[in-house]
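If you want the building blocks of each chain, they are given just below.
Protein chains: 2
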Amino acid sequence: MIESSLKVGVIQQSATADRNSNNACTVTAIHKVAEAGARLILLQELFAHPYFCQVIENSYFDLAESIPGPTTEELGTLAKQLGIVIVAPIFEKRAVGIYHNTAVIIDANGTLAGKYRKMHIPDDPGYYEKYYFTPGDLGFKPVDTAVGRLGVLICWDQWYPEAARLMALAGADILLYPTAIGWHPDDNPQEQQRQRDAWITIQRAHAIANALPLISCNRTGFEADPSNDKAGIQFWGSSFICGPQGEILAQAPVTEPAILLADLALGRNEEIRKNWPFFRDRRIDAYADLARRYSD
Amino acid sequence: MIESSLKVGVIQQSATADRNSNNACTVTAIHKVAEAGARLILLQELFAHPYFCQVIENSYFDLAESIPGPTTEELGTLAKQLGIVIVAPIFEKRAVGIYHNTAVIIDANGTLAGKYRKMHIPDDPGYYEKYYFTPGDLGFKPVDTAVGRLGVLICWDQWYPEAARLMALAGADILLYPTAIGWHPDDNPQEQQRQRDAWITIQRAHAIANALPLISCNRTGFEADPSNDKAGIQFWGSSFICGPQGEILAQAPVTEPAILLADLALGRNEEIRKNWPFFRDRRIDAYADLARRYSD
Numbered sequence: 001m002i003e004s005s006l007k008v009g010v011i012q013q014s015a016t017a018d019r020n021s022n023n024a025c026t027v028t029a030i031h032k033v034a035e036a037g038a039r040l041i042l043l044q045e046l047f048a049h050p051y052f053c054q055v056i057e058n059s060y061f062d063l064a065e066s067i068p069g070p071t072t073e074e075l076g077t078l079a080k081q082l083g084i085v086i087v088a089p090i091f092e093k094r095a096v097g098i099y100h101n102t103a104v105i106i107d108a109n110g111t112l113a114g115k116y117r118k119m120h121i122p123d124d125p126g127y128y129e130k131y132y133f134t135p136g137d138l139g140f141k142p143v144d145t146a147v148g149r150l151g152v153l154i155c156w157d158q159w160y161p162e163a164a165r166l167m168a169l170a171g172a173d174i175l176l177y178p179t180a181i182g183w184h185p186d187d188n189p190q191e192q193q194r195q196r197d198a199w200i201t202i203q204r205a206h207a208i209a210n211a212l213p214l215i216s217c218n219r220t221g222f223e224a225d226p227s228n229d230k231a232g233i234q235f236w237g238s239s240f241i242c243g244p245q246g247e248i249l250a251q252a253p254v255t256e257p258a259i260l261l262a263d264l265a266l267g268r269n270e271e272i273r274k275n276w277p278f279f280r281d282r283r284i285d286a287y288a289d290l291a292r293r294y295s296d
Numbered sequence: 001m002i003e004s005s006l007k008v009g010v011i012q013q014s015a016t017a018d019r020n021s022n023n024a025c026t027v028t029a030i031h032k033v034a035e036a037g038a039r040l041i042l043l044q045e046l047f048a049h050p051y052f053c054q055v056i057e058n059s060y061f062d063l064a065e066s067i068p069g070p071t072t073e074e075l076g077t078l079a080k081q082l083g084i085v086i087v088a089p090i091f092e093k094r095a096v097g098i099y100h101n102t103a104v105i106i107d108a109n110g111t112l113a114g115k116y117r118k119m120h121i122p123d124d125p126g127y128y129e130k131y132y133f134t135p136g137d138l139g140f141k142p143v144d145t146a147v148g149r150l151g152v153l154i155c156w157d158q159w160y161p162e163a164a165r166l167m168a169l170a171g172a173d174i175l176l177y178p179t180a181i182g183w184h185p186d187d188n189p190q191e192q193q194r195q196r197d198a199w200i201t202i203q204r205a206h207a208i209a210n211a212l213p214l215i216s217c218n219r220t221g222f223e224a225d226p227s228n229d230k231a232g233i234q235f236w237g238s239s240f241i242c243g244p245q246g247e248i249l250a251q252a253p254v255t256e257p258a259i260l261l262a263d264l265a266l267g268r269n270e271e272i273r274k275n276w277p278f279f280r281d282r283r284i285d286a287y288a289d290l291a292r293r294y295s296d
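Protein sequence lines correspond, in order, to chains Z and U. Position 178 (the first sequence) corresponds to 178 in our numbering; numbering is contiguous. Position 166 (the second sequence) corresponds to 166 in our numbering; numbering is contiguous.
A hint or two may mislead.
If several chains are the same, the list does not tell them apart, and a pair holds so long as it fits within one copy or across any two.
No farther apart than 25 Å at their CA atoms in a straight line, the calculated lysine-lysine pairs in the DSS-like style are these [what the hints assert, rightly or not]:
no., residue 1, residue 2
1, Lys274, Lys230
2, Lys274, Lys130
3, Lys130, Lys141
4, Lys32, Lys80
Keep in mind the hints are simulated off the structure, nothing from the lab. Quick caveat: nothing in here was measured; it's all calculated off a predicted structure.
Using the sequences and the hints given, assemble the complete structure.
In structure tokens form, the structure reads like this:
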């Protein structure tokens with residue numbers, strides 16, 4: 001088959017409390033990535049904001065916006081101007097009292113190709129997402145765009161092989177993971193290393209299990225706890241792009257903002273699946289219990 | 001909670017055409033591993049034989065044996081004598097015309113604690129397993145032993161996150177993967193490296209996704225194609241033991257037989273699941289399509 005190459009870009013940033021400044025940085029970076037030839041750009045989770053879920057604070061609901069809304073308008077204009085597909089994670093206000101952690105997928109003609117609402121919602125010290133985000137109700141459905149069918153998942157989703165598999169079974173060509181994950185500054189360096197390695201390893205494994213390229217975008221920088229109750233979060237960056245055998249094609253540093261670029265050889269997905277035909281042999285007759293909480 | 005430690009051992013070997021010699025090597029190694037203090041030992045897939053599935057050859061069915069049978073008898077005696085649990089993959093003759101790729105789990109008192117019949121059966125050039133092995137019909141059920149509940153899977157199973165997850169949901173304490181995987185000598189070194197990395201990465205990811213330690217045992221050495229039609233298989237060894245964050249605790253070389261030992265801190269499974277509570281948030285309402293072949 002003819003090998004088709006797609007240049008993709010990732011924008012890893014640190015966020016400030018100034019939304020306009022964050023947006024301006026992102027727009028500047030999108031221009032750079034597009035000028036470098038990328039036709040698909042992934043932004044980090046909740047890219048316009050600090051990771052406000054460090055605390056439970058009612059007023060943060062006012063950060064949410066509608067879809068379509070100001071961000072989809074602005075990025076739609078930019079996508080059309082540059083002829084690129086943009087995956088932009090925003091804080092969605094769906095209705096009074098219903099908010100989601102959502103990624104909008106803006107097509108190269110500027111239209112809204114679709115959206116993904118985060119399905120798995122974490123809730124851990126410093127990551128109080130169940131307070132803010134209603135669990136997604138759109139399921140695991142990839143979105144068709146000018147550059148292919150995109151399987152967009154968000155952060156906590158990345159720990160669930162089920163999510164990646166469902167995107168692949170629905171025909172995704174690429175898996176994308178916008179993320180906001182970091183270290184508790186009090187954890188020791190060995191524990192921090194194990195956590196970061198686990199985060200890279202499990203996403204590479206989703207690429208391998210499904211023979212799909214994968215793009216992961218994490219934020220970087222330290223963000224203090226606004227309540228000063230906790231030590232804050234040191235986001236570990238390390239955004240990366242890997243191929244359908246999990247091979248790393250590009251990776252960003254831990255502590256610095258970065259733009260990543262890589263060429264995806266999309267024809268390889270099919271070659272890999274012919275050589276290692278995992279999909280042929282799934283024991284769907286024996287998988288029913290995956291839809292159970294536990295065996296008891 | 002009280003942290004309990006379990007020493008486990010892996011025996012990575014190269015196989016010859018002489019079954020008695022293979023068995024004698026294995027028995028010697030089991031003695032060594034037990035003397036080193038291990039209470040659980042994992043052998044490689046089809047440990048008593050060369051990887052005969054390189055060719056389609058009717059006479060190889062005669063290598064199969066019943067359960068219970070000579071291997072379970074011999075290893076049962078040894079397990080009781082040494083007070084260890086042995087996971088031994090054999091070629092099972094279940095009935096005239098029904099053969100399985102099976103792992104027997106022999107308890108520390110010498111009894112047969114249970115068995116696992118390989119569920120996902122590959123069939124690729126040089127790995128003609130669908131000819132020899134009827135797909136397993138016991139499902140993904142861990143087996144209770146003196147050292148815990150063992151989630152034993154075999155080789156091709158390791159590419160399926162579904163299998164590991166089902167073992168975890170059924171209460172497995174440890175995942176175990178006896179394997180026979182290697183390189184086509186004609187593949188270039190970069191491709192070989194990607195394949196081996198993928199194999200390590202996806203298994204580490206099963207440990208991570210399920211917060212379970214994992215033991216993987218592959219064979220090593222070159223085995224020629226008996227028909228001389230193909231270039232044979234260079235089994236890549238690299239057996240390893242990792243913890244519930246996917247952290248490597250011990251790893252064997254590529255080309256040499258080896259005995260691996262590691263101490264598993266079983267209490268860590270629960271600690272990890274409390275810190276990263278993936279199991280709490282599975283979207284079982286949205287997983288039904290995992291039991292479908294594809295979305296169309």
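These are the hints, each one checked on the structure:
{"no.": "1", "hint": "Lys274 with Lys230", "in the structure": "between (50 Å within a copy, 19 Å between copies)"}
{"no.": "2", "hint": "Lys274 with Lys130", "in the structure": "between (41 Å within a copy, 17 Å between copies)"}
{"no.": "3", "hint": "Lys130 with Lys141", "in the structure": "within (22 Å within a copy, 33 Å between copies)"}
{"no.": "4", "hint": "Lys32 with Lys80", "in the structure": "within (15 Å within a copy, 68 Å between copies)"}
Comparing the model with each numbered hint stated earlier shows that all of them hold.
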